[in-house]
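There are 2 protein chains.
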Amino acid sequence: MLSRSSVCLLINGVRSYSTAASERVVGFIGLGNMGGHQAANLIKKGHKVIVYDISQDNVNRLKDKGALVASSPSELAKKADVIVTMLPASAHVKSVYCGDNGIFKSIKPGTLLLDSSTIDPQTAREVADIATKHNSTLLDCPVSGGTGGAEAGTLTFMVGGKEADFERAKPYLQAMGKNIVHCGDVGTGQAAKVCNNLVLGISMVGVSEAMNLGVKLGIDPKKLAGIFNTSSARCWSSELYNPCPGVLENSPASRGYTGGFGSALMNKDLGLAVDSAKSLGEPLPLGTTAHQFYTMMVQKGLGNKDFSVAYEFLQKTKQ
Amino acid sequence: MLSRSSVCLLINGVRSYSTAASERVVGFIGLGNMGGHQAANLIKKGHKVIVYDISQDNVNRLKDKGALVASSPSELAKKADVIVTMLPASAHVKSVYCGDNGIFKSIKPGTLLLDSSTIDPQTAREVADIATKHNSTLLDCPVSGGTGGAEAGTLTFMVGGKEADFERAKPYLQAMGKNIVHCGDVGTGQAAKVCNNLVLGISMVGVSEAMNLGVKLGIDPKKLAGIFNTSSARCWSSELYNPCPGVLENSPASRGYTGGFGSALMNKDLGLAVDSAKSLGEPLPLGTTAHQFYTMMVQKGLGNKDFSVAYEFLQKTKQ
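Those sequence lines, one after another, are chains E and C. Residue numbers for the first sequence follow this note's numbering, so the first one is 1 and each next one is one higher. Residue numbers for the second sequence follow this note's numbering, so the first one is 1001 and each next one is one higher.
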């Protein structure tokens, strides 16, 4: 997702947040596997950070790194000029923003809200509308790059919001990520992520089915992958992440489907695509089938395995 | 599918067929949109060619180009040392090889049989087994590259058969194609083609669903395709053949889904994948759903449109 222009934006952005942005207080809510690293990177880049999380352990880790601590989202909102949230799902986002002790209870006018959770685009728009009523601005900024990218500060942010607000947000996002992509109006960041992972989730199952069928028909898997990768079956799932063990040396498939991107997370993202399509009345025949497939994998205990475990899931159980 | 090694093979092959191969008689059965061009290219490259087709018009076109004519596959087999077939489906292959006036009625021992039809791998193996009983050798050599590639002699051949037989076949295939890929034992050429098109057929519907959903969620289609192509949704169907009109200037989608690869042909190829998986007892959840989707498109009169018309098929009918 890195283009020459986004490299330029990065350079400009670094210059910008090292002047104006560092005077402001950045609130961070949701200090889990992703958010903990993101908050730490904001501190590292010189921002004054105040945090909140339901887990005291998570809070303490950030306190040790120099963060101030708030006792609720509402208390945090009183003190912060910019608030970043990184929460598991739509329900948590609604609660943290709109709940009894939520951000909107005591938000300051002009506050910039950056929600980097992955949720459905409709909820992102609803919360952004409420933010507007509080004279503040919410941008949806879901990420890709996983916990490794969060720790290294190399996340990709897909951002939905007005151009001018995107420019305001960029310095903070650049403290946590490398590629900051403006996708359009509010909600389009979530839409881009959901649609990207819709294609990815489908193509991984498709490649798994085809690799399995080809091997059963007698083709060597490396030979078959080679044909795919130089022909019209070429895709990220085959070329860089082939789900058949032994085809690529460094793929999750070649290390027992450990590491990588969990089936449960892919199941969640496809669920968002299914929800979005349903609420718009749009058809999603393959997306829905793929979602069911990942749901089955999660049911069978494969939720924590990399999503390329789809290939193994197609194999006959040894009895 | 072109690699450095296949370029070398091509050079070696040209040297080889310009000596030994030109002394032999090449039979060609099935002179349709693909086969007519292939037979013409064999003549152009100096081969002595004898043809058969059920259409007298097709036969006359090749006769005008210098081909000898046989009155049946059986009569052709009496005179040919090498026989190439290009037929619509498994039933035609069985009939032309094993029927009352079929090739096997009068085949000469040692005849090399090259079936470039796209059929199921099981039928390819069955016919190859019968060929062995007649002291002849059949290789499955399905193609990709379409009628344009057939005319230009730039087809890709995916070949299944023993290494030594592959070397014998190469000079003839190189007279009709550019990339000659050895996939493994007999049947694996068909398997490679079926599996490649299984991934392709699935990914085209997947990209269509995601482009449609994204646009309905408010993202600009070019922006969304750009995100896909630089991220984990990257695939041939999005990058080189995007199904959304206007994203790529020269795609079938941008010229009313004309030209390209017909939905009916993709429906046939996915049908072969479904048949193969069924006969082996292997699961094919997305492949089966995608096959149903193309069958619906054919039912609705879109069989002759390029298969990327999947995107248009997802749109609401104007009433």
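In short, the hints are calculated from the structure, not lab data. Careful, some of the hints might be misleading.
Claimed, not checked - Derived DSSO-like pairs: lysine-lysine, alpha-carbon spacing no greater than 30 Å straight-line: (1) 1065(C) / 278(E); (2) 1278(C) / 318(E); (3) 1078(C) / 178(E); (4) 1268(C) / 223(E); (5) 1223(C) / 162(E); (6) 1065(C) / 1078(C); (7) 65(E) / 44(E); (8) 278(E) / 1078(C); (9) 178(E) / 1318(C); (10) 65(E) / 108(E); (11) 216(E) / 1133(C); (12) 1108(C) / 94(E); (13) 1223(C) / 278(E); (14) 1223(C) / 223(E); (15) 1045(C) / 1162(C); (16) 1162(C) / 223(E); (17) 1162(C) / 222(E); (18) 1078(C) / 223(E); (19) 222(E) / 1078(C); (20) 268(E) / 1065(C); (21) 162(E) / 1048(C); (22) 222(E) / 1063(C); (23) 216(E) / 1078(C); (24) 1162(C) / 1048(C); (25) 216(E) / 1222(C); (26) 1300(C) / 278(E); (27) 1216(C) / 133(E); (28) 1063(C) / 216(E); (29) 94(E) / 105(E); (30) 278(E) / 1178(C); (31) 216(E) / 1048(C); (32) 1065(C) / 178(E); (33) 1045(C) / 278(E); (34) 1222(C) / 268(E).
Stated by the list, open to error - Cβ-to-Cβ under 8 Å is the rule here; a few derived chain C residues that face chain E: (35) 1149; (36) 1210; (37) 1213; (38) 1289.
Beta carbons are placed, not taken as given, at the ideal position from N, Cα and C, and that holds for glycine.
The hints, checked one at a time:
The hinted pair formed by residue 1065(C) and residue 278(E) fails the criterion: a straight-line CA distance of about 58 Å is larger than 30 Å. Distance check on the hinted pair: residue 1278(C) and residue 318(E) sit about 20 Å apart at the alpha-carbon level, within 30 Å; holds. In summary, the hint linking residue 1078(C) to residue 178(E) is not supported, as the alpha carbons are separated by about 69 Å, beyond the 30 Å threshold. The hinted pair formed by residue 1268(C) and residue 223(E) meets the criterion: a straight-line CA distance of about 24 Å does not exceed 30 Å.
Between the alpha carbons of residue 1223(C) and residue 162(E) the distance comes to roughly 15 Å, so the proposed pair stays at or under 30 Å and holds. Straight-line distance between C-alpha atoms of residue 1065(C) and residue 1078(C) comes to about 22 Å, which keeps the hinted pair within the 30 Å bound. For the suggested pair residue 65(E) and residue 44(E), the alpha carbons sit about 9 Å apart, so the restraint of at most 30 Å is met. About 63 Å separates the Cα atoms of residue 278(E) and residue 1078(C), which puts this hinted pair outside 30 Å; it is violated.
Between residue 178(E) and residue 1318(C) the CA atoms are separated by roughly 43 Å; this puts the pair beyond 30 Å, and the hint is violated. Between residue 65(E) and residue 108(E) the alpha-carbon distance is near 26 Å, which keeps this suggested pair within the 30 Å criterion. Taking the CA atoms of residue 216(E) and residue 1133(C), the gap is near 25 Å; set against the 30 Å cutoff, the hint holds. The suggested pairing of residue 1108(C) with residue 94(E) is violated, with an alpha-carbon distance near 78 Å, which exceeds 30 Å.
For a cut-off of 30 Å, the pair hint linking residue 1223(C) to residue 278(E) stands: about 23 Å separates their Cα positions. Distance hint between residue 1223(C) and residue 223(E) is unfulfilled; the C-alpha atoms sit about 35 Å from each other, more than 30 Å. Restraint check for residue 1045(C) and residue 1162(C): satisfied, since their Cα atoms lie roughly 25 Å apart, inside the 30 Å limit. Only pairs whose Cα atoms come within 30 Å are accepted, and residue 1162(C) paired with residue 223(E) is accepted, the gap being roughly 15 Å.
The suggested pairing of residue 1162(C) with residue 222(E) holds, with an alpha-carbon distance near 18 Å, which does not exceed 30 Å. A threshold of 30 Å between alpha carbons decides the hint, and for residue 1078(C) with residue 223(E) the separation of about 37 Å lies outside it, so the pair is violated. Annotation: proposed proximity of residue 222(E) to residue 1078(C) is violated, straight-line Cα distance about 40 Å (limit 30 Å). Restraint check: the Cα-Cα separation between residue 268(E) and residue 1065(C) comes to about 61 Å, which exceeds 30 Å; the hinted pair is violated.
At most 30 Å may separate the alpha-carbon atoms for a hinted pair to count; residue 162(E) and residue 1048(C) exceed this at roughly 69 Å. A distance of roughly 44 Å separates the Cα atoms of residue 222(E) and residue 1063(C); the hinted pair therefore is violated under the 30 Å criterion. A hinted pair counts as satisfied when its Cα atoms are at most 30 Å apart, and residue 216(E) with residue 1078(C) does not qualify at roughly 37 Å. The suggested pairing of residue 1162(C) with residue 1048(C) holds, with an alpha-carbon distance near 26 Å, which does not exceed 30 Å.
The straight-line distance between the Cα atoms of residue 216(E) and residue 1222(C) is roughly 39 Å, outside the 30 Å bound, and the hint therefore fails. For the hint linking residue 1300(C) to residue 278(E), the alpha-carbon distance of about 23 Å falls within 30 Å, and the restraint holds. For the suggested pair residue 1216(C) and residue 133(E), the alpha carbons sit about 25 Å apart, so the restraint of at most 30 Å is met. For the given pair, residue 1063(C) sits about 43 Å from residue 216(E) by alpha-carbon distance, which is inconsistent with the 30 Å threshold.
Distance hint between residue 94(E) and residue 105(E) is fulfilled; the C-alpha atoms sit about 13 Å from each other, no more than 30 Å. Distance restraint check for residue 278(E) and residue 1178(C): the Cα-Cα separation of roughly 47 Å exceeds the 30 Å cut-off, and the hinted pair is therefore not satisfied. Proximity of residue 216(E) to residue 1048(C) is assessed by CA-CA distance (about 39 Å); at most 30 Å being required, the pair is judged violated. Between residue 1065(C) and residue 178(E), the direct Cα distance comes to roughly 62 Å. Violation of the 30 Å bound is thereby established for this hinted pair.
For the hint linking residue 1045(C) to residue 278(E), the alpha-carbon distance of about 57 Å lies beyond 30 Å, and the restraint is violated. With a CA separation close to 26 Å, the supplied pair residue 1222(C) and residue 268(E) stays within the 30 Å bound. Below 8 Å, beta-carbon pairs count as interface contacts, and residue 1149(C) has none with chain E, the closest being about 13 Å; its hint is therefore violated. Hint status for residue 1210(C) relative to chain E: holds, with the closest Cβ pair at about 4 Å, below 8 Å.
The interface hint given for residue 1213(C) holds, since its Cβ lies 6 Å from the closest Cβ of chain E, which is under the 8 Å cut-off. Look at residue 1289(C): its Cβ gets to within about 5 Å of chain E, closer than 8 Å, so that hint holds up.
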